[in-house]
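Each residue of the sequence shown is one higher than the one before, counting from 3 in this note's numbering.
It cannot be assumed that every hint is accurate.
[Stated by the list, open to error] Cut-off 27 Å, straight-line C-alpha distance, at most; resulting in silico cross-link-like pairs (DSS-like, lysine-lysine):
1. K49 - K97
2. K55 - K97
3. K97 - K131
4. K245 - K97
[To be verified] Pair ranges (Cβ atoms, derived):
5. D104 - C389: 16 to 24 Å
6. K97 - D318: 22 to 30 Å
7. C389 - D147: 29 to 37 Å
Everything labelled a hint here was simulated from the structure, so no lab data went into it. For glycine and all other residues, C-beta sits at the position ideal for the given N, C-alpha and C.
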Amino acid sequence: MGRYTAAPPRSADGGWLSDRIAELAAQRIADAAERTLRTSQLLVAGKILVAGKELLNLAANDYLGLAATLAHSETDGWGSGAARLVSGNDPAFDKLESTLTDLHDAESALIFGSGYLANTGLIPALVGKGDVVISDRLVHASILDGIALSRARHLRYRHCDAAHLEKRLQASRGQRCLVITESVFSMDGDRAPLAEIATLCQSYGAMLHVDEAHSVGCFGPGGAGLCRALGVVPDTMLGTFGKAYGTYGAFVISNRAMRSQLVNCARSFIYNTGLPPALVRATQAAVEAVSGADAARVRLHENARLLRGALGLPLDSERSSQIVPYVVGDNARCLALAAALHDRGIAAIAIRPPTVPASSARIRFTVQSGHAPADLQEAAAQLREVCSELM
């Protein structure tokens, strides 16, 4: 597997993002504006531990002193007290980021408050006016919002269509391009052709950002995601803790220079209070548990195949995932179907536009490793029965 290392200089039409990051870093250093994270831990009585030294805390926003006292133990504070660049960088962040770095065989990891905050902070930190972002047509709203905030020109390619992506790249030759895709798409449950996309980005000197929110924990060695499973090394990769890991928050995997760029320029990182240390420690335990949960991942994908088969959906193991959409089309019928399933003891959510394209309302089933096969078979039978009554 490749590593997220600082790449050697590319030809004139490639590597622009590495050059830009180096220039911006040099300017920040010259202006004495470079920020770095300091590991700190809130203590009681208005004190803070910074680099092993106890200090009077006149930096945090912990106005009533609750952050360090609402705790399960001396080390489990409920509040971080401030943004991580101020005084909220608890040692738990360092430990979890180190674990994620090792899991993804990468140079660095950076924790964000959520997947939405990560995408809306990362994209404007990497591109701006005069640059081009080329994204899959069905990427998540957080990516669309991040692109809008960046003020870069936005082009879309047809869903999972690498040939159409290449046409977009050809039309953008000579410009600085960032390509964005999800690995597992949240509403369709299908997988992007990551290897083809990565090859195209390399050929055209484009940078690649992959959102693996619905992939980490479920695919790859130790649950490291589809990129890791396929040996694809994007410039940045986003994962979240709120899905397979069962907690809250998100992280970005990259090389060290990219991480420094995000620490200094991603506004959703700079101006956001750090996650609660207790939550970060819980996430540490979750990541460690999930990394060894190979048997659960096998059951997860077996259950997904079972449900797809029971619903009469394609069983393409190379394209499918634990997300199983049953497309209805009409909004009202989709809502009625979800309500009928609810009455029969099945929690199934009706997903409607604008979350999905017009006329593609659907029931979105999400399979779990703990589902009993008999229950999935029964759910499929109930769906068929309800459909025969309503449709």
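Provide an ascending list of the numbers of those earlier hints which the structure does not satisfy.
Hint check: 3, 5 and 6 fail, others pass.
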